[in-house]
Amino acid sequence: MQKIPLSLAKPGMKLAKPITKANGMPIIAAGMELSESLIDKLDGMGIDKIFVVGDAVAASQNPSERVLRLDHLFRRLDDPYMTQVKRHLREYFTIKAAADAVAATEKG
Amino acid sequence: MEEDLKTSAKGQILSIRDLPTLPKVLDEVSKLVQNPNTSIEAIAKVISRDQVLSAKVLKMVNSPVYGFPGRISSVQHSLVLLGFNVIRGVIISTSVFDIMSKSMQGLWEHSIGCALATGLVARKAKLKDPEEFSVCGLLHDLGKVVAAVQLPELHKAVGEAVRSQDLRWFEAEKAVLGFGHDRINAWLADHWHLPATIKEAMGSHHRPERAQFYPLHASAAHVGDFIVRVFEYGSGGDDQAVPLSEQALKILGLKLGDLDEIMDGFAENLGEVSSVTFGPEDDAPVPGKA
Numbered sequence: 001m002q003k004i005p006l007s008l009a010k011p012g013m014k015l016a017k018p019i020t021k022a023n024g025m026p027i028i029a030a031g032m033e034l035s036e037s038l039i040d041k042l043d044g045m046g047i048d049k050i051f052v053v054g055d056a057v058a059a060s061q062n063p064s065e066r067v068l069r070l071d072h073l074f075r076r077l078d079d080p081y082m083t084q085v086k087r088h089l090r091e092y093f094t095i096k097a098a099a100d101a102v103a104a105t106e107k108g
Numbered sequence: 109m110e111e112d113l114k115t116s117a118k119g120q121i122l123s124i125r126d127l128p129t130l131p132k133v134l135d136e137v138s139k140l141v142q143n144p145n146t147s148i149e150a151i152a153k154v155i156s157r158d159q160v161l162s163a164k165v166l167k168m169v170n171s172p173v174y175g176f177p178g179r180i181s182s183v184q185h186s187l188v189l190l191g192f193n194v195i196r197g198v199i200i201s202t203s204v205f206d207i208m209s210k211s212m213q214g215l216w217e218h219s220i221g222c223a224l225a226t227g228l229v230a231r232k233a234k235l236k237d238p239e240e241f242s243v244c245g246l247l248h249d250l251g252k253v254v255a256a257v258q259l260p261e262l263h264k265a266v267g268e269a270v271r272s273q274d275l276r277w278f279e280a281e282k283a284v285l286g287f288g289h290d291r292i293n294a295w296l297a298d299h300w301h302l303p304a305t306i307k308e309a310m311g312s313h314h315r316p317e318r319a320q321f322y323p324l325h326a327s328a329a330h331v332g333d334f335i336v337r338v339f340e341y342g343s344g345g346d347d348q349a350v351p352l353s354e355q356a357l358k359i360l361g362l363k364l365g366d367l368d369e370i371m372d373g374f375a376e377n378l379g380e381v382s383s384v385t386f387g388p389e390d391d392a393p394v395p396g397k398a
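Those protein sequences? They're chains E and G, same order as listed.
In this text, residue positions in the first sequence follow the numbering used here: the first is 1, and each later residue adds one.
In this text, residue positions in the second sequence follow the numbering used here: the first is 109, and each later residue adds one.
Where hints are given, some of them may not hold.
What the hints assert, rightly or not - Heads up, incomplete: computed chain E residues facing chain G, CB under 7 Å, no partners named:
id, residue
1, 73
2, 88
3, 92
Just so you know, these hints were derived from the structure itself, not from any lab.
In this text, all values refer to a predicted model and were calculated from it rather than measured experimentally.
Idealized CB from N, CA, C, for every residue including glycine.
Construct all of the structure, not just a fragment, from the sequences and the given hints.
Put into structure tokens, the structure is as follows:
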């Protein structure tokens, strides 16, 4: 479990602790999977920190996760050099993800 | 008018009363170091008197951030291997750990991740003393913490600008404060008498191509920051990649493809590095010898 700012919440993450009102009354139960609309709703309610399942390291180390995040991370960087950099990173993480998938099949 | 604001902000930021307190031994050691006849034993002795601090130093220098294969078991040994500049940076970072993890969620993880990445960049570029580059990465965002502590309302406004205008933290600082943490970093580095190499990395990691004296340090910290952001380990206050300076890679003699090996090393060591924390519950001395 880790506490993260809502700005880092992503669809697919699961709540590790319920979200409660200031008086302690739960609004959303633990275990609920976050969706884009739920994150927006939490933002609208002024929630700025949430507890989610899993750990940051695993998400950082997972190359498939990195591939999925590149467009978001580079959303304001579209000059020719950064486009080239992004393409390079996408290739790098895609190859890593494929290698991981092969290793998993061999194991399984 | 604008200059006035900067001067008053600088005064407020550096008002010693509220600056994160550095351990007293650091002052003592800094004085000792000014005398060229001081022995390493004498410095080690002063640091070792503070057992909690010594344990923290050993925990940090034994992490993969510094990449020593064997175990460093004494402060004196760490001074011989890493030098006083590195140990001083380590002491500063462990001293602000609490305040850093409280004032900005994810900033410690971002900083230690940047230390790991910057050290790997330095090794790939075959630079001398890669440990000093790691410290540059470790301290590159210190100004953000100090701003959070000294200017809490402005810090909050920066965070709001990040969210409402989709800015990077650095851009939002310039919009709200008129200057960024790079500037605060340079003030702090002077205030704490950090070496010029570390000061330049702290002050120029956002525009390494303009570093005057130590472009290698500034460039390595810049690339380290870029990498830790790509991996989204921790948070520097926003969730965007930073523009990578093509010139920084050139200064380091690296090509885009050289990042692959650096990223391999980063992903591989992240798990172990993530366990390097200094909360009150982590203060137990490391097994072995302090």
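Now for the hints, and whether the structure bears them out:
Because the closest C-beta pair between residue 73 of chain E and chain G is about 4 Å apart, less than 7 Å, the hint holds. Hint on residue 88 of chain E holds. Least Cβ distance to chain G is approximately 5 Å, under the 7 Å limit. Annotation: interface hint on residue 92 of chain E holds; nearest CB of chain G at approximately 6 Å, less than 7 Å.
Consistency note: the structure conflicts with none of the earlier hints.
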